[in-house]
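S.K.: Protein chains in written order, with my numbering: chain A, 15 to 431; chain B, 3 to 212.
Hints may contain errors.
Some but not every residue of chain A turned toward chain B, in silico, with C-beta under 7 Å [unchecked claim]:
hint, residue
1, Ile158
2, Asn159
3, Ala161
4, Thr162
5, Thr164
6, Ser291
7, Phe341
8, Arg380
9, Ala386
10, Asn388
11, Glu393
12, Leu405
13, Glu409
14, Gly416
15, Asp419
16, Ala428
Calculated from the structure, these hints are not laboratory results.
Treat the numbers as computed from the prediction; the structure is a model and nothing was measured.
For each residue, glycine too, the CB sits at the ideal point set by N, CA and C.
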Amino acid sequence: MPIQRDLKIPDRIQHTVATAPEPGDRASSGGATPHPEARAPSSAVFQTKSTDPPLALVSGEALPAIEIAYQTYGELNDARTNAILICHALTGDQHAANVHPVTGKPGWWTTMIGPGKPIDTDRFFVICPNILGGCLGSTGPASINPATGTAYGLDFPIVTISDMVNAQVRLIDALGIDQLFAVVGGSMGGMQVLDWAARYSDRVYAAVPIATAAWHSSQNIAFHEVGRQAVMADPDWSEGRYLDRGVIPRRGLAVARMAAHITYLSEEALQRKFGRSFQDREALSFSFSADFQVESYLRHQGSSFVDRFDANSYLYITRAMDYFDLFEEYGGVLSNAFVGTRTRFCVVSFTSDWLYPTRESKEIVRALNAVAANVSFVEIDSDKGHDAFLLEEPELFATVRGFLDSGARRRGIAERA
Amino acid sequence: MLKRTNLGATGNRADHVLIAEMVDSGARVLDVGCGDGALLQLLEDRRNVDGRGIEISRERVNACVAQGLSVIQGDADSDLDDFPDNAFDYAVLSLTIQATRQPKPVLENLLRIGRRAIVSFPNFGHWEIRWQLLTGGRMPVTANLPDAWYASPNAHLCTIADFDALVTAVGAQTVSAVAFNSSGQRLPINRSIRFQNLFGEKAVFLLERK
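So here's chain A without its partners, still in its complex pose:
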């Protein structure tokens, strides 16, 4: 999901609140082009060769050529057995453990990935690609459509979680890696982990799906639809051709982000952090300005998101999540997705996550038990909601570290250098 969602942010809201979109504020359209990172990323870029077959998509369409921007950390060992693929969430990107080129903030999983961290870059070779359909350098709706010379916009085909994974397979092939030691991801990243494990089990030694589900629930689809409608209701969206017109649907995308952000938290966390506290004022203003800290916080989340994310990408990626249904894909019986699997699984959920509640993780565990797969399942007690997977959660770190270390011993991967 977001790059950095620091719940302590109210302290810093004061000077950012002025840029937050106020209702009725029509002078907020900023940049006219996507951020340069969308088309000229600072990351390494994998490009398919002209001799490669097109990437066939689940929809039946195909992309003749794709680019996947990615970051790597650590070194691939000689046996090529120590690679870990990190799958990012809806609004995440490849900048998991480095300073983000757009925001200047630390990557979204610097707590998890790095030297001596649970995903130890002194021991493992970590690869984090921007997903297909993303907007930080991988082929997506903000990319130039070779057929027209302008941004794809809504001419970009609908992509699915499986399409994203198939694109990652091309990258992993190009890096010369037969089997990934692990595929790790939270939320939508967890969906990619499950898809990898289901369709490429021989290429995944260990899988860590965190705070995720084997399908997108009706409630989750509903929230996504609200977000998409907010984007599309913004006149600046221009039926998806906003880049041609030099505008950005800032207000619509910000509202989408604000609504979504609530779903990443928990009522308890919101109450604890903000309560009914006022923002820079002593009393109610009897207006619609941001009287409450929680309003100011959400407006900040909305406005800062717009600066780093493409609105059409948001539409496409939320759609990919909505379409994800591993039950349906395997004839209504989830365990069919994992028959004969030799992958070791570690499923993680959080008690206060109501977007991807524990019962969804338990469905995955039940399906894995039904095929006697090697599975660990940890539910972590946290009041931080869905966001917990991105935050300081010592039990999450201990779980991932213990699971990866024992797997690495079995796989014969040398201790950290």
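Following the hints, position chain B against chain A.
M.R.: Frame of chain A, contents of chain B only:
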């Protein structure tokens, strides 16, 4: 549950050491009610098993996984139905059957999931327990069963003779059975069930389907 643990030469519990002897190297083992994972760890270290655990306490599960063991949170009474037949070479229920709500279906599940089942339990037929009940007229409290009746997690205590009858009732047979006295020593295996039932503080049964 055990205040006084019986330590083998290496610091492992005597019943765990025995279970490790019963299990073939490299076997697939499911430990139901794996607690802190001590038995699973012993089996992985000594027998190189492919081990899996189920534990009801979330804290213990998380500690096991952090330690590198494959463990899920679950309940012997409700979650064994998920597993397919013959998924494991051994299904182990170590000092847990007396705390289940329905010991018979649990044992049947164990024998369905595992080619063989290993069950250990505290023996309520031990002479000390009999003596306390006879002389005091109240539920016994011993080092092996340290909780008062109202605070005990144990819902279905049984004697070695009772368990032997249950084995027959579920259509299984005993491959071997060993009782331990209160010092953690194995009782002579050529002795009768009556002897074991009087002097055994806990017992370990290796079972298979008939």
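S.K.: Which hints from the list above does the structure break, by number from lowest to highest?
M.R.: Violated hints: 1, 2, 3, 4, 5, 6, 7, 12 and 16; rest satisfied.
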